[in-house]
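Assemble the complex: chain A is given as a structure, and chains B and C must be docked to it using the hints.
Residue numbers (UniProt numbering), protein chains in the order written: chain A, 1 to 293; chain B, 1 to 526; chain C, 1 to 314.
For the record, the hints were derived by calculation from the structure and aren't laboratory data. Hints should not be assumed to be uniformly reliable.
What the hints assert, rightly or not - Distance ranges between label pairs, derived from CB positions: (1) C:L179 / B:G245: 18 to 24 Å; (2) C:N210 / A:I18: 17 to 23 Å; (3) C:I111 / A:T41: 34 to 40 Å; (4) A:N26 / C:K171: 47 to 53 Å; (5) A:R25 / C:L149: 28 to 34 Å; (6) A:L190 / C:G69: 25 to 31 Å; (7) B:T72 / C:F173: 43 to 49 Å; (8) C:K171 / A:I45: 55 to 61 Å; (9) C:L60 / A:I18: 51 to 57 Å; (10) C:F173 / B:Q28: 28 to 34 Å; (11) C:Y64 / A:N26: 49 to 55 Å; (12) A:L105 / B:D394: 44 to 50 Å.
Claimed, not checked - Derived contacts from chain A toward chain C, CB cut-off under 10 Å, selection only: (13) L133; (14) P136; (15) V145; (16) W148; (17) G149; (18) G151; (19) P152; (20) L246; (21) F269.
Yeah, the Cβ is synthetic: ideal placement off N, Cα and C, and Gly gets one too.
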Amino acid sequence: MSAVAQTTKPKNRSLWRIFWRMLLRNRMALFGFVFLVLITTLVMIEPLVSLPSPNRIDLLNTYAPPSAKNFLGTDENGRDVFARLIAGGRVSLAVGLSAAVLTVLFGALIGLISGYFGGLIDRILMRFTDGLLSIPVFFLLLAVVAIWGGGPLVLILALGLTRWMGTARLIRGEVLRFKNMEFVTAAQSLGASDGRIMLKHLLPQAVPVLIVSTSIGVGNVMLYEAALSFLGLGIQPPTPSWGNMLTASQNYVFNAPHLAVYPGLMILFSVLAFNSLGDVLRDAFDPRMRSGQ
Amino acid sequence: MRKQLAVLASLALSLGGLAQAQSAEQPQRGGTVQIALQTTPGSLNPVLPAELASNIINWTMFSPLTVVNPYTNQLEPYLAERWETNANLTEWTFYIRRNAFWHDGRPVTSEDVKFTFDKIRDPEEGANNLPDFRRVREIRTVGPYAVKIFLTQPDAFLDDRLSLGGSEILPRHIFSQFRRLRDATEYNSRTPIGSGPFKMKRAVPGQFFELEANPQFFLGRPFLDGLVFRVVPDGNTRVTQVLAGQLDWIEMEPTQIRAVQGNPRVKTTNFDTLRYQIFAWNLKNPLFQDLKVREAMVYAIDRRRLLQTVTPGFGYVDDAFVPKAVTWIPRPNIQFREFNPQRARQLLAEAGWRTNAQGILEKDGKPFEFKILVDRGNTQREQIGLILQQFFQDIGMKVTYDVAERGGRWLQETQQGTFETRLAEFLMPNVDWMQRLFSSVGQNNSQFYSNPRVDNLLAQMRATSNRTQHANFMRQIQEELYATFPNIPLYYMERILATNTRLQGFPAANIKDAMPFIHRVWLRGN
Amino acid sequence: MFQYLVKQAAASVLVLLVVVTITFFLIGLAPGGLGLLADPNMDPEVRANILRNLGLDQPLYVQYLNWMGNILQGDLGRSFTFNRPVLDMILERLPATLLLGAAALLITVGIGFSAGVIAARFPNSLLDQVLSFISFVLLATPGFWLGILLIIVFAVMLGWLPAAGMQTVGKPFDIADRLSYLVMPAIVLAAGTTAELMRYTRSSWLEIMNLDYIRTARSKGLAERVVHNKHVLRNALIPILTIFGLFLPRLIGGAAVTETLFAWPGMGSMAVAAAVARDTPLVLGITIFISTAVILSNLLIDVLYSIIDPRIRY
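Here chain A stands alone, though its shape is the one from the complex (with noise of 0.2 Å):
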């Protein structure tokens, strides 16, 4: 099963060659990455140029066409469209990575652990992991984020926290196919600690599996909280998040349907890209998709 290059371990410098001829090759990924470039330049720079207020309400200029002033036009409180999109992203895109690098930082330690030591420590947790995987944690986050408040930090804790188990599963796996090769017993006949083990030689072999992780995870955590705001839990007005706009133009949606389409597309094109561009990763790194195509 598994190729003869693995027992060395892996060198990272061709992989990013390889990750940009498989994007080039995969339209979508493409897209997608074109995509976060821009909205992650636009969010960046965004300070720099000299667009409307996210905040400002004109009530003199509600529901506005798309103009010179207000590339998208304006919201119901006259507030410009493109400016809170971009104000939104920042937020979405935060949330959405802070959630996912939670999840996968904390999916990484119980599977390096239970990958890493076996027997009794990795059946508890795995029982654990499995145990998890079978409440559906949706209801109670929904309980507790309507108890605590949508703020960012409550929803970064309560998506990242639930959410971890399945990157432990595939960490534990790495680490199991990794465990006895010779770099790592090499390691532990030095005199290694546990502990330098796992984080010297181990988790830099699981890397691929939590970039991979993460980028997928980007995307379901917006979607989530795309969930939450629609039933009134997401990240609270007057912040403006991509999931609370395409709820409150839900309000408006026989006046002014226009609202509903740009945070809802801005959405979609960002969960397709963090998919498509975690799909291309894996396919870069994983050395049977390189040998074979």
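Chains B and C only, in chain A's frame:
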């Protein structure tokens, strides 16, 4: 009222709807009407605490002694055909209709009334209207059709309070089997028996409730054969269901009106909700104790524009504290304070506030800074909060918009008086509420307003049961309130009914208030 | 093997108890209380009476011990807002949820699996590309957005399907009527899982095609169809069963949004309303009930595994 509505309606609506609602066309019998509920009713027992959905459905099945007629906004007899009080307002006698029957055929008697009120007075029951009966010393039946209520103190508004919901009469013969009202689980959730115009046929909690006309109803058999209440949580879904003919009667947001305009199957009617949105100061806060500051803040808000943005075309601004639709109370002699930012700045300057280098108002080295507490989930108030923040910032105040969960911090800060300013919705369903909201010891005076002159007027009003005198006092109190800024009435709310064009005879009122008179509603073309 | 499965089920139950305990305290320690009590005009004495009647005047740990004691005896307690046994309320909503879930699963397996197989049979063809494009878009679409679009098109513009509810009230049971209400919510609920199963089936199918013994079978000249039907299908079913177990809690979570949007009277919309109203016994009761169902169905899936693939030993 019709005239005022007409002016407003001319913006977006044809008046046809309103006129038809009161047309003299001969009503027809038959048909079933489908009405939306936003949530699953928590309790089909009207006396136990419940939310809007329960109130709506319960008001078709149960009868209070008195009721506010939604066509006229005046108090009328309902299960009691008449009532009287002694001169010092400590003994009230209610006479029960002799043709009132429970849905299972037994007659409604004074025993039921005594039983129900005694239950409400019992703190162990956890009934909602316990406070209304605090001054009740004893309830005694006088024969099968009269009840005497003895009070410890004079109370001029007992009849008003009995009409507000939560004091509907329960059947003693059923509840005597249970120790507590709440123990009757089946009755309270599926098989209620009342004496109202409709009776429960089939309850499928969470989905729908099917009701049928009560042929023995004391005000006459309803025109409709049946009612169906359907639980539809999402507002847009309710609108699409009206369009699709699956619902016949819903309340809508003004922003949804476009969806139904021009549709031949749907008629819209706007109505005064008798409620208004207010901006309330915490008057314990020294920052807001200066009358000039409060006056300045009134002038800082363009309420007409705010209204136009939040509820395009619906509602009205007013500085009175009683809704226009309550026509039996004369208009106070006041003038609406128009938007005037110059005057606001001038008043603030007179009060000693100066603009500092950052453009923020400052006095004795302290900036003019406060938070607006807003309850989450109400789109109108969330929008108002943002807009007010902008208006106050424009005159140099530093304002934070603070959204909190209604059942959580919002409630806590409101009750404990720890908020700085907040948005809320007030209602003025009857004269009793004037004292609840503005008496210095009023139970709902959560703004901590205290004015000896208002207290004095309220005390005089409480001492009489004469309607004309009530009306007169209400006018004077409003004038006093107008001069002292207890809060800022932002706008009076109107809402919209979207109904099947065949639905006739319904009042221009919210669905809940229309329910006691559901027997007058009918469907054309059966 | 059976011993292993039972142990995992027991472990899951333990995890469940830990999780609901944490949630109980997370809810209980938050400021504020029941949605029913959110009315600032409510009299303080009335409020106190209600709290006492619900046992909410006691210290949180006493409330917890009482509640957990009942749970361990199989009693899910009473709803705060409805003052009815939680189990009764769940059983009332169960048929609607089962119907919607079953329909969504049927769509997931029927369309997701076959589309995946088709895509795998003709890898990199135009058909494959179109299918994977659709699945990508579906995976990235917020469920309620899709739902609203469907309602606007099929209920409002075309008037073909009812916008919400489960049946026409007052009409005797009619299968066509029920189906017309079921179509849209089922599609919305199944959209994500269908797309995912399609992608999963495609890749595991392709993976199995590359396995040595399948290659051997093909090189021996076995007809392509026989190879696919006999060998690949059997192997592909295993990962699909796994993902099936993972879909169950996800479908139930998704039902919260779908049921609320379409006014579908199931457990999902009830859980949302309960969460917003802070009806702790109801939210936790629903969670415990569903989790138990999922744990049991996972047990069943594991047994099925060993039947399909006798090589699996625990």
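- Message: If you test the structure against every hint from before, which numbers come out violated?
- Response: 6, 18, 19
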